[in-house]
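Participant: Residue-level listing of the chains:
There are 2 protein chains.
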Amino acid sequence: MPQRDATDSFPLTIGEIPSFCPACGKPVEERVLEEDHRPRLVCPEGHVTWRNPRLVVGTLPVRSGRVYLARRAIEPALGRWGNPSGFLEVGEAVQEGARRETEEETELRVEVGRLVGVYSRPHAGIVTIVFEADVVGGRPEPAAETSEVRDFGPDEIPWEDLAFSTVESALRDWVASQPGRGPTFEPELYVEGDPE
Amino acid sequence: MPQRDATDSFPLTIGEIPSFCPACGKPVEERVLEEDHRPRLVCPEGHVTWRNPRLVVGTLPVRSGRVYLARRAIEPALGRWGNPSGFLEVGEAVQEGARRETEEETELRVEVGRLVGVYSRPHAGIVTIVFEADVVGGRPEPAAETSEVRDFGPDEIPWEDLAFSTVESALRDWVASQPGRGPTFEPELYVEGDPE
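Just so you know, the sequences run in chain order R and V. Convert by adding 1 to the 1-based position in the first sequence; the result is the number in the numbering used here. Convert by adding 1 to the 1-based position in the second sequence; the result is the number in the numbering used here.
Hints should not be assumed to be uniformly reliable.
One-sided and incomplete, this derived list gives chain R residues near chain V with beta-carbon spacing under 10 angstroms [claimed, not checked]: (1) Ser20; (2) Ala24; (3) Ser65; (4) Pro123; (5) His124.
Stretches of chain V that chain R covers, calculated by requiring three or more beta carbons in the stretch to come under 8 angstroms of a beta carbon on chain R [unchecked claim]: (6) 21-27; (7) 46-59; (8) 89-95; (9) 124-137.
Read the hints as simulated data drawn from the structure, not as lab findings. Backbone N, C-alpha and C fix where the C-beta goes; we use that ideal spot for every residue, glycine too.
For reference, chain R alone in the conformation it holds in the complex (with noise of 0.2 angstroms):
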């Protein structure tokens, strides 16, 4: 991994090309940078503006053998079913971050417990990480970003009507672990077209 030294360089993820530095204020250009492989942000003061894709970290909260999932009251995919995910915050350890949105957006209270896959969207820049969680308290009601929460047994998913290429990669792993199931799907690297 290259040194980055924190007192002077600005990671960035993914959004539009960023055109100030985040540390002076000062317009960025592309520079390729000493042993490095492609073109960085460079400022005027010698600050780099890392991009970086972002992390979404999520759940599949489930009891007995029933999966809850949630319509989405916003866009993207307003109207389409996710499971319980968001974006991992600085500070948080992913269990801690899919555990909170989970609670955010079924007020299903879980216990994280292992991991169903990691699922990269490499044009939109984002990786997400879902793991399998066991209900343990609270009642799936929607909250400010669902419209419905409820549960889905495994021959019940509702495919045609899934929100992300993700959610649907997460739901076929975890179909295929089921009692019973054999991994009927190819393990999708990514998918071209990603509607997000």
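Position chain V against the provided structure of chain R, taking the given hints into account.
Facilitator: Coordinates of chain V only, in the frame set by chain R:
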């Protein structure tokens, strides 16, 4: 996951707190946004500068039951042993980034395989994803950031001389997964007082 308008939001990751808006170069200040749960950095134009953890990806390159490690030729942890790893780039899937870093740091050609684990260091704002990888070519040689590359059997891991807590966690999980071994160590969510 909260909606973030790509046209006026600039996600930032770990490092120094940014002082200026990457979109317009004006100073940012902390403000709590509607329905949000922690303060964000906002400029007078209303652009939000998001800060997100950074993602490190790496492999444990294995051949004939032995794992290759590289001695670091750079700070931090100069002279200590680590598995090949580095920051994921925008546009890469996690497996692609892990393979690139492995080839850059060890000159080994690998096929990335099963996930070994996901390790959080919340205080550093870093999440590390480690895969096992099959060595399929190349020759183990030090590269720009490494001074020595060699292989270790499960009983030969230089536990006292490893670079980071994430290296230790990944190697412990890998050793525990070897034939005839059990999970002799408790999984660590993260380690306080991590050197990096």
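Participant: Against each hint, give a clear statement of whether it holds in the structure.
Facilitator: Quick rundown of the hints versus the structure:
1. Ser20: With a closest approach of 6 angstroms, the Ser20 (chain R) hint holds.
2. Ala24: 6 angstroms, holds
3. Ser65: Ser65 (chain R) check fails; min Cβ-Cβ to chain V is 26 angstroms, beyond 10 angstroms.
4. Pro123: 5 angstroms, holds
5. His124: Interface hint status for His124 (chain R): holds (7 angstroms vs cutoff 10 angstroms).
6. 21-27: This one holds; 7 residues, not fewer than the three required, reach chain R with a Cβ under 8 angstroms.
7. 46-59: holds (count 8)
8. 89-95: Contact hint for the segment 89-95 of chain V vs chain R: holds, 7 residues under 8 angstroms.
9. 124-137: holds (count 4)
Checked against the numbered hints given earlier, the structure breaks only hint 3 and satisfies all the rest.
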